[in-house]
Amino acid sequence: MTGFAVFAGKELREILRTWRIWVLPSIVLFFAVTGPLLARFTPQIVGALVGNQLNGLKIPTPTYVDAYVQWIKNLSQIVLIAVIIVYGSLVSGEIRSGTAVLVLTKPLSRTAFVIAKAAVHSLFLVCVVVAGALLTWALTWLIFGRAPAAPLWSATGAFLVLGLVFVALMTLLSVLIGSAAGAAGAGLGGYVVLSITAIWKPLGTYSPAALTTQPGSLAAGKDVTALWPILTSLVLVPILVVLAGQILRRRDL
Amino acid sequence: MNAAIETVGLTKTYGAKRALDGVNLVVGEGSIFGFLGPNGAGKTTMVRLLTGLAHPTSGSARVLGSEILAGDAIGSEVGYLPDVPGFYEWMTGAEFLEFAGRLFALQPATLKGRVKTLLALAGLADVNTKIGGYSRGMKQRLGIAQALINAPRLLVLDEPTSALDPIGRKDVLEMLASLRGRATVFFSTHILADVDRVCDTVAILDRGRLVMQAPMEELKRRYGARKLVLEVTEGADRLADEIGAKPWATSVVRSNNGAIEITVADMNAAQREIPALVAAQGLGLSRLDTGETQLEEVFVELVGGSQH
Numbered sequence: 001m002t003g004f005a006v007f008a009g010k011e012l013r014e015i016l017r018t019w020r021i022w023v024l025p026s027i028v029l030f031f032a033v034t035g036p037l038l039a040r041f042t043p044q045i046v047g048a049l050v051g052n053q054l055n056g057l058k059i060p061t062p063t064y065v066d067a068y069v070q071w072i073k074n075l076s077q078i079v080l081i082a083v084i085i086v087y088g089s090l091v092s093g094e095i096r097s098g099t100a101v102l103v104l105t106k107p108l109s110r111t112a113f114v115i116a117k118a119a120v121h122s123l124f125l126v127c128v129v130v131a132g133a134l135l136t137w138a139l140t141w142l143i144f145g146r147a148p149a150a151p152l153w154s155a156t157g158a159f160l161v162l163g164l165v166f167v168a169l170m171t172l173l174s175v176l177i178g179s180a181a182g183a184a185g186a187g188l189g190g191y192v193v194l195s196i197t198a199i200w201k202p203l204g205t206y207s208p209a210a211l212t213t214q215p216g217s218l219a220a221g222k223d224v225t226a227l228w229p230i231l232t233s234l235v236l237v238p239i240l241v242v243l244a245g246q247i248l249r250r251r252d253l
Numbered sequence: 001m002n003a004a005i006e007t008v009g010l011t012k013t014y015g016a017k018r019a020l021d022g023v024n025l026v027v028g029e030g031s032i033f034g035f036l037g038p039n040g041a042g043k044t045t046m047v048r049l050l051t052g053l054a055h056p057t058s059g060s061a062r063v064l065g066s067e068i069l070a071g072d073a074i075g076s077e078v079g080y081l082p083d084v085p086g087f088y089e090w091m092t093g094a095e096f097l098e099f100a101g102r103l104f105a106l107q108p109a110t111l112k113g114r115v116k117t118l119l120a121l122a123g124l125a126d127v128n129t130k131i132g133g134y135s136r137g138m139k140q141r142l143g144i145a146q147a148l149i150n151a152p153r154l155l156v157l158d159e160p161t162s163a164l165d166p167i168g169r170k171d172v173l174e175m176l177a178s179l180r181g182r183a184t185v186f187f188s189t190h191i192l193a194d195v196d197r198v199c200d201t202v203a204i205l206d207r208g209r210l211v212m213q214a215p216m217e218e219l220k221r222r223y224g225a226r227k228l229v230l231e232v233t234e235g236a237d238r239l240a241d242e243i244g245a246k247p248w249a250t251s252v253v254r255s256n257n258g259a260i261e262i263t264v265a266d267m268n269a270a271q272r273e274i275p276a277l278v279a280a281q282g283l284g285l286s287r288l289d290t291g292e293t294q295l296e297e298v299f300v301e302l303v304g305g306s307q308h
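These protein sequence lines map, in sequence, to chains L and B.
Our numbering applies: residue 1 is where the first sequence begins, and numbers increase by one.
Our numbering applies: residue 1 is where the second sequence begins, and numbers increase by one.
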């Protein structure tokens, strides 16, 4: 436990003292700010772009729902892709730079090494996304005068579960694939596969694949039950991380 | 003497290549053990197997009495320095040592004292920059310091002096020598002078095979018994030619001071015939002595031929 805590502390300090503190938070906070603004001014932007070509077609007056949907759409696409790219070298980066060798010849097991990394970066993702959600919530209230909590937080929570699945998946892929670009490519492939399989009803209802679409529905205030995909995702996350640890144990460093 | 390291038939293959081939090695506790071999001999593979970083294809290794299971953390009594140590470049040297010490669960007061002592030993006490700004030599010295943070019973070093300048090398070798009797030091190197300077036992690895293991004194005695140094008052060149033609002389070399250095296959025959040859040529015999064999000569004899 000591080695795990010490190494997790190192991961946390590494986030705070390197580029990692800038990349994900900047992306998330950027979309947290621009989401409500973009939703509010979409009619004006569209009007300025197309002029009179709409032939009297009226764009509906934007509401808080548009801000929420915009936020979740950005999370589910751009932020998730950023997570995949950023964590493509989560473990392989340490192996390549030689730091893993120094650390793993001390009293720290390879499984603890992997779990600590996945846990700290999952926590980091949760903190960043919650901070972004708080910001977008406040801005939505300021701009639209109304910002009910349930749609925003249920959608953000559902996305976060999907985010944790991808942190765990990238942990595994960064053990399996030495190249950061290769692991990121495989992660993006996984994202595409997951999005496509969501079309098949059983998977689109019960598996983590459902979480590629359900957060958007939740943000729009639709009556969606995300319990099963959340449960299966929360079972999948530790399986992926422990598998990554076991594979690392069997590898030569 | 207890064995700090013991390997039995340790073998590691990479595809068709046999990096390590049935190595049986015993390293006595408390010794400073030089693990010599030319580049590509399998030294780093051996070190990686001993530290649990790689899985053996067959055979086994015991370190401080415990079997090494690759993939598991090694004991808290082992310190290790890889050939090219990798550090978190955003940390300072002191921060890295504190991090390493906490992984060994050292008490804060002990850790604080060790960090201070080891930074001074590594010549990094006044360096406050991040490790990313260190030179290769500074990183190597920090690497040695981190390997000592747990006051290990066994220190395993892979090419510890290869990145150091002559002064840094001297400091490191003196530091290793100072551990004699307190810890076992196992270091791999291709620098013969380093082994000659500090080691009490040496093993030579060639193309994955252990070709020799012996205490330094025995090694020099064994190989020194095959070398004679001869000095005559005059006419050394003619005498050297004549000796060179004898069946018991495997090589004859003229040294810088004019002496004749003879490597012999049959010491008794040489000792009988050389005085007779000197007398037959009417020369004065100034010196006839057994020579001191340099480790380099032993090394070249054992592995030199296979390099070409």
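Hints are supplied without guarantee of correctness; some may be wrong.
[Stated by the list, open to error] A partial selection of chain B residues facing chain L, derived with a Cβ cut-off under 10 Å:
#1 25
#2 26
#3 72
#4 73
#5 86
#6 88
#7 109
#8 113
#9 134
#10 147
#11 151
#12 191
#13 192
#14 244
#15 246
#16 248
[Claimed, not checked] Okay, the calculated beta carbon distance ranges per label pair:
#17 B:62 <-> L:30: 50 to 60 Å
#18 B:190 <-> L:12: 48 to 58 Å
#19 L:238 <-> B:22: 33 to 43 Å
#20 L:78 <-> B:137: 37 to 47 Å
#21 L:238 <-> B:151: 46 to 56 Å
It is worth saying that the hints were derived from the structure and are not from the lab.
Every residue gets a Cβ at the ideal spot worked out from N, C-alpha and C, and that includes glycine.
Okay, the hints, checked on the actual structure:
Using the Cβ-Cβ criterion of 10 Å, the hint placing residue 25 (chain B) at the interface with chain L is not satisfied: the shortest such distance is roughly 19 Å. Annotation: interface hint on residue 26 (chain B) violated; nearest CB of chain L at approximately 22 Å, more than 10 Å. The interface hint given for residue 72 (chain B) is met, as the beta carbon of that residue sits about 7 Å from the closest beta carbon of chain L, less than 10 Å. The criterion of a C-beta within 10 Å of any C-beta in chain L is met by residue 73 (chain B), whose closest approach is roughly 5 Å, and the hint holds.
With a least beta-carbon distance of about 2 Å to chain L, the hint placing residue 86 (chain B) at the interface is held under the 10 Å criterion. Contact between residue 88 (chain B) and chain L, as hinted, is supported at the beta carbon level, the nearest pair being about 6 Å apart and thus within 10 Å. Taken as an interface hint, residue 109 (chain B) does not check out: its beta carbon lies about 17 Å from the nearest beta carbon of chain L, beyond 10 Å. Annotation: residue 113 (chain B) was flagged as interfacial toward chain L, and the flag is violated, the nearest CB pair being 19 Å apart, outside 10 Å.
Of the supplied interface hints, the one on residue 134 (chain B) is violated, with its beta-carbon coming no nearer than about 14 Å to a beta-carbon of chain L, more than 10 Å. Hint status for residue 147 (chain B) relative to chain L: holds, with the closest Cβ pair at about 9 Å, below 10 Å. Violation of the interface hint for residue 151 (chain B) is found here, the shortest Cβ-Cβ separation to chain L being roughly 13 Å, above the 10 Å cut-off. Taking 10 Å as the C-beta contact cut-off toward chain L, the hint placing residue 191 (chain B) at the interface is violated, the least distance being around 21 Å.
Of the supplied interface hints, the one on residue 192 (chain B) is violated, with its beta-carbon coming no nearer than about 27 Å to a beta-carbon of chain L, more than 10 Å. The beta carbon of residue 244 (chain B) comes no nearer than 51 Å to any beta carbon in chain L, farther than 10 Å, and the hint placing it at the interface is violated. Because the closest C-beta pair between residue 246 (chain B) and chain L is about 53 Å apart, greater than 10 Å, the hint is violated. Here the hint on residue 248 (chain B) is broken, as its CB sits about 49 Å from the closest CB of chain L, past 10 Å.
Between residue 62 (chain B) and residue 30 (chain L) the C-beta distance comes to about 56 Å, which sits within the given range of 50 to 60 Å. The hint said 48 to 58 Å for the Cβ distance between residue 190 (chain B) and residue 12 (chain L), and at roughly 41 Å that hint is violated. Judged by the Cβ atoms, the range 33 to 43 Å given for residue 238 (chain L) and residue 22 (chain B) holds: they are separated by roughly 41 Å. In this structure, residue 78 (chain L) and residue 137 (chain B) meet the distance hint of 37 to 47 Å, their C-beta atoms being roughly 44 Å apart.
The beta-carbon spacing between residue 238 (chain L) and residue 151 (chain B), approximately 37 Å, falls outside the hinted interval of 46 to 56 Å.
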